Every structure is written in C-alpha cells, then in structure tokens.
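K.L.:
Listed here are the chains, written in short residue letters.
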Amino acid sequence: MRKILVVILFVLATAMPAYAVDGTKLLQQIDRNLSPESYESYRKIINVEPDGRKKEFTYYTVKKGREKVAGLFVAPASEKGRTTLRLGDNMWLYIPNVGKPVRITSLQSVVGGVFNNSDILSLDYAVEYNAEKVEEQGKEYLLHLKAKTKTVAYDRLKMWVQKEKALPVKIECLTEAGMLIKTLYFKDVKDFGGGIVRPAVLETDSPLYKDYKSIMIFAKIKKRDFKDEVFTLTFMPKMESLR
Amino acid sequence: MRGVRGQGSGVRGFLKAFAFCIFFFTFHLSPFTFHVLFAAEYTFDVSEIEKKPYHVGGYLEFYPIVFGLDKNAALYKLNFYDRDAGGTTEQYNGTLQLEGSLEKGISRLYVKTYTNYLNSYQYETTKTNIFEGYLSLKPSSSLIMDTGKKTMNWGKGYAWNPAAFLDRSKDPNDPELSREGFIVASVDYTKSFTEGHLKTFSFTPVLIPAYSGVNDDFGEVDHLNFASKFYFLFLDADIDFMFLTGGSRTTRYGMDFSKNITTNLEIHGECSLINGYTQTSVDGSGNTSRSTYDAVNYLIGLRYLSQQDTTFILEYYHNGTGYSPKEMRDYFLFVDKAYGMYTATGNPGMLNKAINLTQNMYGRMNPGKNYLYLRISQKDPFDILYWTPAVTMIANADDKSFSLMSELTYTGITNFDFRLRGGPIVGTRGSEYGEKQNDYRVDFRARYYF
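Going down the list, the protein sequences come from chains U and B. Just so we're aligned: the first sequence equals residues 2 to 244 in the working numbering. Just so we're aligned: the second sequence equals residues 2 to 451 in the working numbering.
Honestly, the hints are just simulated from the structure, not real lab data. The model shown is predicted, which means the values in this text are computed figures rather than measured ones.
Under the rule of at most 16 Å between Cα atoms (straight-line distance), these lysine to aspartate or glutamate pairs were calculated in the EDC-like manner: (1) U:K214 / B:D381; (2) U:K239 / B:E104; (3) B:K260 / U:D90; (4) B:K52 / U:E41; (5) B:K139 / U:E230; (6) U:K214 / U:D52; (7) U:K221 / U:E41; (8) U:K81 / B:D418; (9) U:K149 / U:E133; (10) U:K224 / U:E38; (11) B:K380 / B:D418.
Please work from the sequences and hints to get the whole structure.
P.N.:
Given below as structure tokens:
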C-alpha cells in the first residue's frame, strides 16, 4: 500500500508541471524575456535571395507599453528617414519625399522580403494572442496560440519555447485553416545588458517565398521610457531626434 | 532656346540613353555591388548606427522621356503651331536632389535643394530651387515649431489632395515627387490620450505671408494668411479639419479621413469648400466670361491588398473648380479656330490668347470636373523579389478619355531604383486626353540615392 502511494505521489509530482503551466503567464513571461515593455533597439534586416544576393536595412525601433511601436530607417540611403508607426491595429509609413504619413496594413511589407509589417512592428505576443494549449516536448513547450481578433496578421501561431529560459526557439505562423505562412527561427541567445538575455538573430522563411529568407539581427536593446506624443503622426518626421 | 529636332531622333535618342543606363548600371557598378553583397556575413557592426549631428544625402536621377505626338490634337496645335516636331519628341531630365540637416539640442536646420537639367524640344535649362529650408525647434515631444520654407502635405488622397490648401498641385502621374514648399511659420501641438476613443489630438496653426518676393506665387500679395489643421485619431480613424483665410486666396475649409477597415483594406476621403471661387471660361469663338461661386471638391478612395500581394488604389475625385465637358469642348474649339486663323493669316493673336488661357486655367494638371484613378501593382510577381509591375489609369470620368501607363520597377540593388513606364493617352476629339499633345509616352527613370 505504501509503495502504491509513493508511486502515485511520484507520478503526480512529475506530471503536475505539465498541467500547471499557465499558457497566458508563460506567454507574458516570454514577452518580457524578449524585451522590456518600453525600450529602444537597433535591428539589421537582411533579405536574402535564392542566388545569395542580399539587401540590408538598418532600423531603429522604440516601443512603449502594450501597443505603441515606432521605427526609423537609418540605412541604406534610399530608405533613410522613412519612419513607421503602430498604435494597436493602426499602422502608418512616413516617406520624407512624400512628406506625410500614409496608412499601411499589417500584411504589407515596408522592406520587401519575407518579413511583413506586423513582424517588423511587432507587439507583445500576449497582446495579440490567447494561449489555447501548452504541450510539453522534452526540453521545450509547444504553445498553441490563437489570434484575439481578426485584425491580427496570423490567425494561429505554434510556438516552441525553451523551458529553461522561457525563450522562443521557433514559431510557425498559420492561417485559420492551418496553412503555413512562414516560420520564424530564434537563434544566438545573447546578453544585451540590463538583464536582457534573448536571441539576437531572428530568421524567417516561407513556403510562399520559396528559397528566399529574411534575417533580423538585434543590437543595443535597452530599457527606455518615452512620452506618449512620440507615438503620433506629428512626431514621425522627427524620430531621428530620439537617437 | 533650342531649335527643332529632326524627325525620328526622339526614339533613337531615347533608346541610346536607355542602353547607356543598362550598360552603366549592369557593368560599371556590379563589381562593387557584388563585392558588398557576397562578401559580408550576417554581422551588425554598431558603428554603422552611430549618430552624427549633421546629415547630407539625396539622390541623382536620369529621366529621359519620349512623347509620341498627336498632330491633330488641340494642344499639339497650340504648342507646335510654328514648328514641325515630327512624330515624336524627346525630353531629357537630370536631377540632383540634395538634403542636409544640422541638429543641436532642441533645434534642427533642414535644407532640401532641387537642381534640374531639362533638355526638350523647347528648352535647355538648368535650374536650382530650394524646395525646403527651415529651422525646427522641439522644446518637447508635444510641441514643435518650424519657420522657413516647408511643404505641409495636407490631405489623405493619393493622386489628388483637394484639402491641401498650402501645397502646390500634385502630379497624379507621379504623386510621390518632391514639391516646392512655401515660406511659413507653423506650430505642432500634440496631445496623446491613453483612455477613451480619442487617442491623439494635434493642432497645427500656420502663418503664410504673401508679399513681393515672399510667396508671391501663393496668391494675391500684401496679405498675411492664416491656416490651421486639427487632427484627431478617433475610433482608429485619422480625421483632419482644416481652413485657410487671409486674402491671398479666398477662404476655404476642408476635412479628410483615413481608416483601416481590415488588415488589408484602407479607405480614405477628403473634401473642401472654396468660398467665392472665380472661374474664367472661353466659348468657341474666344469670348471669355467669369463666374464666381462656392466650389465643392471631394475625393473618396481605397487601398486594398489582395492575398496575392496585389495592391489596388482606387480614387474618385470631383473637382468643383474644373470645367464641364462642354466647357472643355468650347475651349478646344477655340484653340482649333485660333490655329486655323494663324495658318490662314499668319496672325498669332488668337493663338496667344489661347496660350494665355491654357497657362492660367485650362492647362492645369486636371482641368476637368470628375476623375477616376486606378493603380494596380503586383509585388514580387512569381516570387521574384524587388520587381514590381504596375498599371495606372487616370480617366476623365465625364468624357471617358484616359491615360493608361504600364510600368516595371526594380529595387534590388541597394540605393538604386529603376522604373520603365509607357502607355497610350486615349480619347475622342474634344475630350481632355484626346486633345493632349501626345498620343503616348515612354519614360525611364534611374535613381541613385546617397
């Protein structure tokens, strides 16, 4: 009897964590591990063509709270001064030559390549997705995420998460019918200082763009607070002054 | 002034220029480009992002155009009455746009100059304009003050902006071209809200002086004009209200909006009321008359992105200051008569009157009443990145005449972009596009950004 009780307790003890994982909390933890709620960072976005040719963009990003993100293209010269702004579901692009912000949609891409605007101006995952299910797969969790609204770029995400560091390893972006749109690979975990330890490289490929891939390399991610007015159309032409 | 070119030299010249561009960009630059493209690893050197207090940049552009002439069109007769230009005429443009800025503390000085070399059947000129040049003070992120020459770029329309009271007209054939600004003093005050349906409010008052030597092409001189714009991000829609008053132009009021309906559909609109607009028209015999009325202009449009990455931009524009099809026909009739008089008597008097009317009224970018704009562009067709084919139609909705341009752009080489365009200009006699001097145009643009 005592042996049976020990076995039952052992099974329960080992099984408990799988049932105890709260998908929503895990998702929030992943968001905070990827970046502070308000921060600035630099990214290099590289589009690689099937023959190996590349096109690079350097992009400065600022974020505040749950739904405010803005970005400024620092290079190349043809893109320099372009800024993007996202407030929740609203997105704008400012091109200096055009001289005024125009609305863009999340499925377009301001840089071409495999990343679209919602990838570049991404909000916290927990803001856009509900965790429907968490599966344990050895050293990883598999999170099944469902978009909260129809305005989110991908209906479903399958996110593989490193258990130890609560950082994503791979994300599959799917349509409502389960068709794969693209896969994101998180690589090269690095200490950015200020307690930020996260993947420095994000790679993506897509069955819709056969043999193309796009890469994002992160640098200088650091906590920083901004006034709300920084995230407005009026401020878009002045974003350079934040750097 | 240049003489008239020989027949057929247009197409030959254009082809030579085009071949030169292909040669130059393919062979001259590719060793450098390939070195950069293939040698680099996925590295991110933070020295690349170091900020300097100054910036100098811009672009260099080569832009040849060939026009196929329509010798029966009224505007051909008007522009070529004293010369024989053959079947085609060419135009070569070379442009250098320079931008520079200097930043110190809360202030920033910005200058944009535009130097254009033009070689056409009429002229060979080189002209430099300061498009913008202003001092900007930013004491806080919610308060920005600008003084100097500046483009305001009001309105939400892509091809037309009836509520852009402080801007020069857009060319719907190339809506993203830089335009020259006016000398203004403006303030932007912005307030953000975290609760409620109103997310952002901005107030932009603007002073526009119009005196001899200062904005003297803005309107009647010796007036200090005042304009304002009020912006609201309300219920996820951008909404602007604006007005202009002061005497150089008649008082006008406007409104615009823009909203994303879904992740791939945006709608926008714009309207304006111009008080006491005075229109001069001409009848078929050359008698002019003036009428004054309150003109209402409006635009409604959408931008839709399909699952196949095809972008559709569709706009309908009602130009309350424009001419009806009958008024346009009368004007073309008068031009025909004036030309007939010139060929019969050699007296250019009536033609000069027609030229004067064209320059000030009928020769505007869009002199008609109702227009449609449709642009369909396909990003990365067949999954080939950086190539974008597009078709653009601009139609006078009243007389059913139109221009239809096909284009192909390539942006695959860092800091270069290339565009080849061409298409017919179609319409019956007496219609707006049918009476334009050209039957078709083909142009090529190569731009290098630095």
